[in-house]
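Novice: Protein chains in written order, with my numbering: chain R, 1 to 340; chain U, 1 to 247.
Certain hints may be false.
As the list claims (entries may be wrong) - With a cut-off of at most 30 Å between alpha-carbon atoms, the simulated BS3-like pairs for lysine-lysine come out as follows:
no.	chain 1	residue 1	chain 2	residue 2
1	R	Lys48	U	Lys200
2	R	Lys224	U	Lys200
3	R	Lys111	R	Lys265
4	U	Lys200	R	Lys89
5	U	Lys235	R	Lys227
6	R	Lys195	U	Lys235
I should point out that these hints are in silico values taken from the structure, not numbers from a laboratory.
Read off the chains here:
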Amino acid sequence: WRPRPLSSRGCRSSLGGLLLQARERERVREADMKHYEVEILDARTKQKLTFLDKVEPNATIGEIKVMFHKNHTRWYPARQSIRLDPKGKSLRDEEILQNLPVGTTATLYFKDLGAQIGWVTVFLTEYAGPLLIYLLFYFRLPFIYGPKHAFTSSPHSVVHLACICHSFHYIKRLLETLFVHRFSHGTMPFRNIFKNCTYYWGFAAWLAYHINHPLYTPPAYGDKQVKIALAIFLFCQLGNFSIHVALRNLRPPGSKARRIPFPTKNPFTWLFLLVSCPNYTYEVGSWIGFTIMTQCLPVALFTLVGFVQMAIWANGKHRSYLKDFRDYPPLRTPIIPFLL
Amino acid sequence: MAPSEEDGSMEEKETKKKPLSPFATAWLTFYNITMTAGLLISVPRWLVLAVAMIRFSYQKRTHKGLYRSIQKTLKFFQTFALLEIIHCAVGIVRTSVLVTGVQVMSRIFMVWFVIHSIRPIQNEESVVLFLVTWTVTEITRYSFYTFNLLNHLPYFIKWARYNFFIILYPIGVVGELLTIYGALPFVKKSGMYSLRLPNKFNVSFDYYTCLIIVMIAYIPLFPQLYFHMLRQRRKVLHGEVIKEKED
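Chain U extracted, bound-state conformation:
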């Protein structure tokens, strides 16, 4: 699911309370700078295409090139984000492995199992929608982490990280859902990634049904994540003591 915004304030707390070893700090700084830089490199390409899109009226062929041109960068950076799970597992970032794992895996699912695998939908507008939101979110997120690690956080970055998500997150989710929905007919027709009966171990897997279940899963999961970010926002930006309802 779109912007992985979970760990923000957790990491803030972490860097304030327990000083990281110099090696860990160096690695995390390098990692976050690389991610920021990588995304900033891809942004100009997007800007060029966005300008082209605006200049020529809204036709398929003007954003046809978008995915193809940034796909290598996109795949590299979203897959590279697997490292963040290791950061949590090893303990240099104080966030739950499960939360980060779910977010990274959902990104990887979108990139590899939806857009990459199902070629006909690569030119859909919905793809542009979530690629844009992902890019902006990632740039703010990684620069936030970078500045945080260097203990030199400009208020604007903090403000951006805790406010952009309010519109970006729902837009991203809409983009993702529309993309998956658009992919359904192609999946059904090709029967891709599916295992049929009969077979010796009496197992079957229907990718079409799987995608539908994924879409339904957004219903309980998206609000939880969204409201969590809203609570984090109130806590960080307004210093409210939130009396959290514990399960």
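In isolation and in its complexed conformation, chain R is listed as follows:
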């Protein structure tokens, strides 16, 4: 008996060699089952950007994004869109590699989402603007209506009420951003902050200019009109807040699970019986109240534009609910009961 070299070629001829070969094959297969190989290609040019070997089968897309970021420091995880095919939908961060329809060598596609900015940052900026800008007009800073009216006060009580309501509305939004909302995406494209701020700040300036103008005309039906409008406004603000709380409670901390929202003990949430996005319904209601209160056309236009945008969002949300849940309540419409 002569000692044989352990190389597979040398071993092939003997039985001991065959056993050795089989054991080696087994070891290789075992290694295959333990680790995936992931190659990431650019979705547009199909160029190979990264090859990750020895990826755990239970690795999440989020972890893969971190690994990808190590090789391409420019593309931090928030701006990566990883998908199974170049034109497909983005994979969620929670997706697990071995649950995806890929072989042990997975090919994924990458698309750069562009520079990202956090949702909280955007919301705080776009809401703080109107809050402060309105006050500049309310206190009639000299450069706005001229030195003659600088720091004067309006004789109409509705103007003071409008300032309180407007400020309350945006303070509420800021607090909700900080303490109530749970965001499913951490970030949005950086460009959006300019677009959003122009919209919010621009409109706030335009309507504040008219309401606080020295030549402002109070509502035609006087106190009665203001009282009814205030009631609508407060009712809808409470409603909007109730919905935000209900949506928050739908989703435990840290979870990104999606569930159908249902009415709770709070009567304001009973609107869920009729619409998918009652928060938008109440929001439009608040602004209708504010429009009636101030009887100001720029406010009406702001309400209209806001309504159109929220109707589009509500429709999208409604459709995704219908797609995700087979048993979605059929009576519900996106934003207006029975109509839209």
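Start from chain R and add chain U according to the hints.
Specialist: Quick look at chain U alone, frame taken from chain R:
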């Protein structure tokens, strides 16, 4: 804003991939030929005036007649261009309705709300500047579309469409901005198209401020359009695969 150059390569892609119904092709061909012909008819008049301008030295009265003589044609063709929005909405031209809408509306704004409405500026040199660039751009653009639809595009037309804009577009924008700027004093004095406070619905509109905002709007919008056309140019003329940065 001046040359509406947006849709070029989009339409190229459209006519290559999805064949249009014969009716749609016929209508688009008719439309584009009409636009080309209409502009070619107005060009000789411009040439006559240009020659007159050059011959007599640069005085106000030699281009005084320019706008007046071509205004009917200009108004007709720029207003007729509203049809292009419908083409996009209906789907026989594959460009975004929003983009085409913005461009057509900006032309209509210049023609009706600036030159037509504010008579004193009709004789300004800046008007000649953008009328010239519009005319040349439109002729190349419509003939490009026409030949494209007939699947018989001479390289020169394609070359012209994707190169002329490089100087024409900035010149046109300068002309437009100078015109609006020149119109400001007249607008302020006459208080035209404005709504003042107090009124029942607490709304006001100041045309003067509106024009200033329009001028400021050129700052973000013009570079975007210009660089978009440059990218289209590289793609179409040099076949580069442009890795576009998506928002």
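Novice: Each hint: holds or not?
Specialist: Evaluated hints:
1. Lys48/R with Lys200/U: The given pair, whose Cα atoms are some 65 Å apart, is violated under the 30 Å limit.
2. Lys224/R with Lys200/U: Judged against 30 Å, a Cα distance of about 17 Å means the pair holds.
3. Lys111/R with Lys265/R: violated (44 Å)
4. Lys200/U with Lys89/R: Since the Cα atoms of lysine 200/U and lysine 89/R sit roughly 51 Å apart, the hinted pair is violated (cutoff 30 Å).
5. Lys235/U with Lys227/R: violated (62 Å)
6. Lys195/R with Lys235/U: Within the cut-off at roughly 28 Å; holds.
Of the numbered hints stated above, those contradicted by the structure are hints 1, 3, 4, 5, listed in ascending order.
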